[in-house]
Amino acid sequence: MSQFKAADFYQIDDLFTEEERMIRDTIRDWVDDKFMPIIEEHNRSATFPRHLVPQLGELGVLGASLHGHGCAGLSPVAYGLILQELERGDSGLRSFVSVQGSLCMFPIHAYGTEEQKQKWLPGMAAGKLIGCFGLTEADFGSNPSGMLTRMEDKGDHYLLNGSKYWITNGCIADLAIVAAKEDGEVKMIVVEKGTPGYSTNTIKNKFSLRASVTSELIFQDCKVPKRNVLPGAIGIKGPLSCLNQARFGIAFGTVGSAMAVYDEALRYSQNRIMFDRPIARFQLVQNKLVWMVNEITKGQLLAWRLGRLKEMGKLHHSHVSLAKRNNCWMALECCRLARDVLGANGITDEYQTMRHMCNLESVITYEGTHDIHALIVGREITGESAVT
Amino acid sequence: MEIIVCVKRVPATDSKVKIAADGRGLDPAGVEFLMNPYDEYAMEQAIQLREKAGAGTITVVSLGGADAQKELRQCLAMGADKAVLLDDGGKPNDGCSTARIVAAWLKTVPHELVLCGRQAVDNDEGQFPSRLATLLGFACATEVVALTLDGKVFRAERDIEGGREVVACPLPAVISCNKGLNEPRSPSLKGIMAAKKKPLDTVAATAVEPALEFVSLMLPPEKPPGRIVGSVQELVAALRNEAKVI
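Protein sequence lines, in the order shown, are assigned to chains W and P. Just so we're aligned: 904 in my numbering is position 277 of the first sequence, and the numbers increase by one with no gaps anywhere. Just so we're aligned: 94 in my numbering is position 92 of the second sequence, and the numbers increase by one with no gaps anywhere.
Treat the hints as calculated values from the structure; they're not laboratory data. Computed from a prediction, not measured in an experiment: that's the story for all the values here. Built from N, CA and C at the ideal position, the CB exists for glycine as well. Please note that a few of the clues may not be correct.
[To be verified] Calculated cross-link-like contacts (lysine-lysine; reagent style BS3-like; alpha-carbon spacing at most 25 Å):
hint, chain 1, residue 1, chain 2, residue 2
1, P, 109, P, 200
2, P, 54, P, 154
3, W, 755, P, 192
4, W, 632, P, 72
5, P, 84, P, 109
6, W, 744, W, 820
7, P, 192, W, 744
8, P, 109, P, 154
9, W, 661, P, 192
10, P, 18, W, 632
11, P, 181, W, 661
12, P, 20, W, 632
13, P, 200, P, 72
14, W, 746, W, 781
15, W, 661, W, 755
16, W, 746, P, 192
17, W, 808, W, 864
[Claimed, not checked] Covered stretches of chain P (chain W as the covering partner; in silico rule of three or more C-beta atoms under 8 Å from a C-beta of chain W):
hint, region
18, 67-80
19, 184-190
[What the hints assert, rightly or not] For the chain P half of the interface with chain W, some residues (derived, Cβ under 10 Å), not all of them:
hint, residue
20, 16
21, 193
22, 195
23, 197
24, 198
Produce the entire structure from the sequences given, and follow the hints as far as they go.
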């Protein structure tokens, strides 16, 4: 397929700094060169292209918005644009980077001791250590506070019991950042691979995020050294603050998916001849393409503004919810319209649209479902909580 | 060692270009510009030579307008130590004038090795490297596909018709780089961040009399639309009677 052309109907490029554009273009080129040629094969065989992780480290993508300890220290918008480009490749690739940076490196950076930061962050930034984040349980998704996983103070160590489900990177992770309750209060603790009593299972037969590892984590009388507790993370706020970082990235990332399928549908419509003319000439096809570019433009502006609010320190978590919710939805709708434009060809993996569509069914669900984000925004505007 | 890398900002080769109103240049509106691809090989080679030597300074230079700072920043992000824009407002230059301007500037800075692309993909003149070497009185190896330094002696390989030529000469030298020399790196994010703090100086380009005058520029004539014929007989008849090729 010819080179990806990114939609920019409103010259939103002008809103980014030269540095932000250069960072984005670096990742865009990398995705074109290194990722696009292999993604369909990995998606087919349900494998994660793990060999790319050190390259991501070398590029400086992992934990890129953090400062110090080998991290690049980028602006929120630059970080968002990186995730946009990665998700233009595949949501699984972006998920890997979100989990590593926002869900694992962020809490160590924000809540860890200096010793913990020095021990893990440089290796994670370089892609030598892979992290996973254990919050969700099989029966506690939208309601993480109800988690059953427990940690018990045994003097010189904690005894961890419970399990976590839908955990990206679980089976390939060198360390897991696990949320567990001690005397009813949520804490976060780092469990390293090989710790006795810690095991993982792969969740198989997924229709979605096939090029990403999804796992179950099991802790059975798992002895974790006390020095592995992140002392700054007390209460459910700890893990939720990580999700807020990751959701920020998803608001940008899903714009990338939408841009990918729009580009594919637009090119197809200009080349596909039906009734002796390119289908792009038909009003109904144009209407679909216009819907896509219209919503992508709005999504790009939402993401850009979200990034600038974060930069100025004015970001509220409900801002993130609105953008995550809108952009996942619009990207998924773009996939459905693009698939329609592609006709029967769109159901094969010769075209990427259906891969993105299937991926986005996860993305619209994880990190707070579409409906949960409605309730977060709803609580913000009405002052009434619908869930407590 | 002081390495100079010469780069040019050119229209992307897949851009759809339009002729400017004066009929003598391109209309830059809506055209994507980037670093001349052959210059990327020069930039990458400079970094590799410096890495191997363990020391050295890379200065990247471009002749053009203020918008060429983007390409210079890209080189700084890849690993150049400093950048110089020879500002002439971005007017079109022939290879001879460009070589004169760059040679005049080189008199003001230390330099032992000058690396450049084999040609710029906009005008495709390919004159600059050898003209520059002549003006400086330096050795010159063009269209190089392998390059090593042994102390102050370079050894370069060139693809020639049906074979490979190896040349060697002590520095100083001008080397023009060809595809195959290396694989240019993408700037890392840390490199992009570090580039902000590196010096990018603007120097007024020395005024020289143009060696050539650009008289006019035109696009190739549009290809006439194709025609679908109904049968082999019709095709043969058309080839014989209309195209007169069989």
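Each hint, compared with the structure:
Taking the CA atoms of residue 109 of chain P and residue 200 of chain P, the gap is near 22 Å; set against the 25 Å cutoff, the hint holds. With a CA separation close to 13 Å, the supplied pair residue 54 of chain P and residue 154 of chain P stays within the 25 Å bound. Pair hint residue 755 of chain W plus residue 192 of chain P holds up; C-alpha atoms about 18 Å apart against a cutoff of 25 Å. A hinted pair counts as satisfied when its Cα atoms are at most 25 Å apart, and residue 632 of chain W with residue 72 of chain P qualifies at roughly 20 Å.
Between residue 84 of chain P and residue 109 of chain P, the direct Cα distance comes to roughly 17 Å. Compliance with the 25 Å bound is thereby established for this hinted pair. Taking the CA atoms of residue 744 of chain W and residue 820 of chain W, the gap is near 18 Å; set against the 25 Å cutoff, the hint holds. The hinted pair formed by residue 192 of chain P and residue 744 of chain W meets the criterion: a straight-line CA distance of about 19 Å does not exceed 25 Å. Only pairs whose Cα atoms come within 25 Å are accepted, and residue 109 of chain P paired with residue 154 of chain P is accepted, the gap being roughly 20 Å.
A hinted pair counts as satisfied when its Cα atoms are at most 25 Å apart, and residue 661 of chain W with residue 192 of chain P qualifies at roughly 20 Å. Simply put, residue 18 of chain P and residue 632 of chain W have alpha-carbon atoms about 14 Å apart, close enough for the 25 Å limit, and the pair holds. Of the pairs offered as hints, the one joining residue 181 of chain P and residue 661 of chain W holds, with about 19 Å between alpha carbons and a cut-off of 25 Å not exceeded. Taking the CA atoms of residue 20 of chain P and residue 632 of chain W, the gap is about 20 Å. The hint holds against a cut of 25 Å.
For a cut-off of 25 Å, the pair hint linking residue 200 of chain P to residue 72 of chain P stands: about 13 Å separates their Cα positions. Restraint check: the Cα-Cα separation between residue 746 of chain W and residue 781 of chain W comes to about 24 Å, which is no more than 25 Å; the hinted pair holds. Straight-line distance between C-alpha atoms of residue 661 of chain W and residue 755 of chain W comes to about 19 Å, which keeps the hinted pair within the 25 Å bound. With a CA separation close to 21 Å, the supplied pair residue 746 of chain W and residue 192 of chain P stays within the 25 Å bound.
With a C-alpha separation of about 13 Å, the suggested pair residue 808 of chain W and residue 864 of chain W falls inside the 25 Å cut-off, and the hint holds. Counting residues of the region 67-80 of chain P whose C-beta lies closer than 8 Å to any C-beta of chain W gives 4; at least three are required, and the coverage claim holds. Coverage of the region 184-190 of chain P by chain W holds [criterion: at least 3 residues with CB-CB distance below 8 Å; count 3]. The restraint placing residue 16 of chain P at the interface with chain W holds, with a minimum CB-CB distance near 7 Å, inside the 10 Å limit.
Hint on residue 193 of chain P holds. Least Cβ distance to chain W is approximately 8 Å, under the 10 Å limit. Here the hint on residue 195 of chain P is kept, as its CB sits about 6 Å from the closest CB of chain W, short of 10 Å. Hint on residue 197 of chain P holds. Least Cβ distance to chain W is approximately 8 Å, under the 10 Å limit. The interface hint given for residue 198 of chain P is met, as the beta carbon of that residue sits about 7 Å from the closest beta carbon of chain W, less than 10 Å.
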